[in-house]
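Q: These are the residues of each chain, in order.
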Amino acid sequence: MARHIVATVDEIAPGQRRVVSVNGREIGIFNVDGEYFAVGNRCPHEGASLCKGRVVGLVEASEPGAYQYSRRGELIRCPWHGWEFDLRTGKSWCEPDRTKVRSYELKVEPGGALVEGELRAETFPVSIEKQYIVVEV
Amino acid sequence: MSTIEMERSPPAKYRLRVIDCDIHPAMTSWTEVHPYLEKRWIEHLSVYGSHLRHAFSEALSHPRMSPDAARIDAYPDEGGPPGSSLELMRKQHLDPNGVQVGMLIPLRWNPGSQRNLDFGAALTRAMNTWQVERWVKQEARLRASVLVAQEDTEAAVAEIDARGGDPNFTQILILPRTDEPLGRRRYWPIYEAAVRNNLPITIHVGGTNGHPSTGGGWPSYYMEEHHAVAQTMQAVLTSLVFEGVFERFPKLRVVIMEGGLGWIPSLSARMDKHWSRLRSEVPHLKRPPSEYVRENVWFSTQPMEEPGSAAELIDLFDRIGWDRLLFSTDYPHWDFDDPRYAFKANLSEAQRDQLLYANSSKFYGLG
Ligand code: FES
Chain Y
1 MARHIVATVD EIAPGQRRVV SVNGREIGIF NVDGEYFAVG NRCPHEGASL CKGRVVGLVE
61 ASEPGAYQYS RRGELIRCPW HGWEFDLRTG KSWCEPDRTK VRSYELKVEP GGALVEGELR
121 AETFPVSIEK QYIVVEV
Chain C
1001 MSTIEMERSP PAKYRLRVID CDIHPAMTSW TEVHPYLEKR WIEHLSVYGS HLRHAFSEAL
1061 SHPRMSPDAA RIDAYPDEGG PPGSSLELMR KQHLDPNGVQ VGMLIPLRWN PGSQRNLDFG
1121 AALTRAMNTW QVERWVKQEA RLRASVLVAQ EDTEAAVAEI DARGGDPNFT QILILPRTDE
1181 PLGRRRYWPI YEAAVRNNLP ITIHVGGTNG HPSTGGGWPS YYMEEHHAVA QTMQAVLTSL
1241 VFEGVFERFP KLRVVIMEGG LGWIPSLSAR MDKHWSRLRS EVPHLKRPPS EYVRENVWFS
1301 TQPMEEPGSA AELIDLFDRI GWDRLLFSTD YPHWDFDDPR YAFKANLSEA QRDQLLYANS
1361 SKFYGLG
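Chains Y and C, in that order, are what the protein sequence lines are.
Just so we're aligned: 116 in this note's numbering is position 116 of the first sequence, and the numbers increase by one with no gaps anywhere.
One rule links them: number in this note's numbering = place in the second sequence (from 1) + 1000.
It should be emphasised that the hints constitute simulated quantities derived from the structure, not laboratory data.
Because the structure is a prediction, the values reported are computed rather than measured.
There's no promise every hint is true.
Label pairs and their computed distance ranges (CB to CB) [what the hints assert, rightly or not]:
{"#": "1", "chain 1": "C", "residue 1": "Val1195", "chain 2": "Y", "residue 2": "Ser21", "range": "34 to 40 Å"}
{"#": "2", "chain 1": "Y", "residue 1": "Ala66", "chain 2": "C", "residue 2": "Glu1038", "range": "52 to 58 Å"}
{"#": "3", "chain 1": "C", "residue 1": "Arg1186", "chain 2": "Y", "residue 2": "Ala66", "range": "57 to 63 Å"}
{"#": "4", "chain 1": "Y", "residue 1": "Val59", "chain 2": "C", "residue 2": "Asp1073", "range": "50 to 56 Å"}
{"#": "5", "chain 1": "C", "residue 1": "Ala1055", "chain 2": "Y", "residue 2": "Leu58", "range": "32 to 38 Å"}
{"#": "6", "chain 1": "C", "residue 1": "Glu1139", "chain 2": "Y", "residue 2": "Ser21", "range": "38 to 44 Å"}
{"#": "7", "chain 1": "Y", "residue 1": "Glu105", "chain 2": "C", "residue 2": "Asp1073", "range": "25 to 31 Å"}
{"#": "8", "chain 1": "C", "residue 1": "Pro1212", "chain 2": "Y", "residue 2": "Glu136", "range": "50 to 56 Å"}
{"#": "9", "chain 1": "Y", "residue 1": "Glu136", "chain 2": "C", "residue 2": "Gly1079", "range": "38 to 44 Å"}
{"#": "10", "chain 1": "Y", "residue 1": "Thr89", "chain 2": "C", "residue 2": "Gly1262", "range": "17 to 23 Å"}
Built from N, CA and C at the ideal position, the CB exists for glycine as well.
All chains, full assembly: derive it from the sequences and hints.
A: The structure is reproduced here in structure tokens:
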């Protein structure tokens, strides 16, 4: 496992995403209302580029005719067959026991700490004042 | 149960070799057919427009899960609807998926369901030429389907005979929601022409005959509508069998396209049972219905059944007949099947090649 700086926080606005490539792996970084999540870009169902899908919320119903809408922006819906994956856990809502997309450990760290620390050698130019998104792969 | 996690490149050790029987091309704008339409019909279009058996001629009979029923990554950068860019089709589908031959199934505008029969016939001619000029001549891997005005049998037969010897066309396309069930004798000249020209009749879901999309009326939810394809295809198949189409045209080859697969064995068994008890009503049937299905009917694979266990899928193929299955993707629609992952079972290389390539190669005489 190594840590990789993939973006600065202001490069991905709330509700936005960015797909980055780390060691040949495509990873989608999502900003959900200021919280960041990282999931693999390949849908475990039939291989679509998952991060091209729409970000949606969770629609549930306690009975016919009633619904609750919650967790706005926390699910990604695959651009092909519409399977929904939880951005927090990578779990599929279609087959929660069987299928998940890889999710990655992600941290937001200040440039100061990174410049001092072990990530100094990354090619990403790091400045002390900024906040960076760091993914563990 | 183990967890499936797919984050790396697909485990495709084999070289993909695919014949895709179901690709949906679109027009960037309907003016694309103007060069192939007589002046009289271009004017008709601008004055009267297209007139189908439902409201809103440009609308689908039920909103689909996704705009244009398409994969949302299938919109060309340069604009236009999914399926309108040959460049994107190559890049996104033909090249990476090893498509050796891809067959075009144009759906919109439903020339076969046009209420103005002469306009419908003119539109079939124009759209058939459009497929050749705009697609097949630009991309050697593509083939066209003969669109026909099925409610105007004479025009349909003329168009089949006109295109019959042309290797750019591989099949005759009919959308199953016709004015009457497709086994009715009014459609028989079409089958006769198909046999005469050695082209299969492909019945692909769709059509706008104005009847509700399910036998129980118009559904509320798209999910119900999506399931209705199986009922429609069952109705079509029972009509073809019981009206005696295969008895009259033993060489007729029919492809049921995009109708699902799971229902086929049970329908065949049910038809056989009823035939053994009620055969005096249809004395023209000389053999059990399942035999006609087994000999005259092929099925496209998409949307692929995805049962919980692989054994069920294998069992289904055993019952239908492995040689009756023709691979299709439905590109660029949202329920597209990727040839690498569509079959959720461990197939041998020979089985996979049979399903993805060899069956269609033989069936369409492409080898
Ligand atoms: S490929 Fe993502 S849901 Fe099918």
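Q: Compare the structure with each hint and give your call.
A: Okay, the hints, checked on the actual structure:
no. : hint                               : verdict
1   : Val1195(C) x Ser21(Y): 34 to 40 Å  : 55 Å, violated
2   : Ala66(Y) x Glu1038(C): 52 to 58 Å  : 56 Å, holds
3   : Arg1186(C) x Ala66(Y): 57 to 63 Å  : 49 Å, violated
4   : Val59(Y) x Asp1073(C): 50 to 56 Å  : 23 Å, violated
5   : Ala1055(C) x Leu58(Y): 32 to 38 Å  : 34 Å, holds
6   : Glu1139(C) x Ser21(Y): 38 to 44 Å  : 31 Å, violated
7   : Glu105(Y) x Asp1073(C): 25 to 31 Å : 27 Å, holds
8   : Pro1212(C) x Glu136(Y): 50 to 56 Å : 54 Å, holds
9   : Glu136(Y) x Gly1079(C): 38 to 44 Å : 40 Å, holds
10  : Thr89(Y) x Gly1262(C): 17 to 23 Å  : 32 Å, violated
Violated hints, in rising order: 1, 3, 4, 6 and 10; the structure is consistent with all others.
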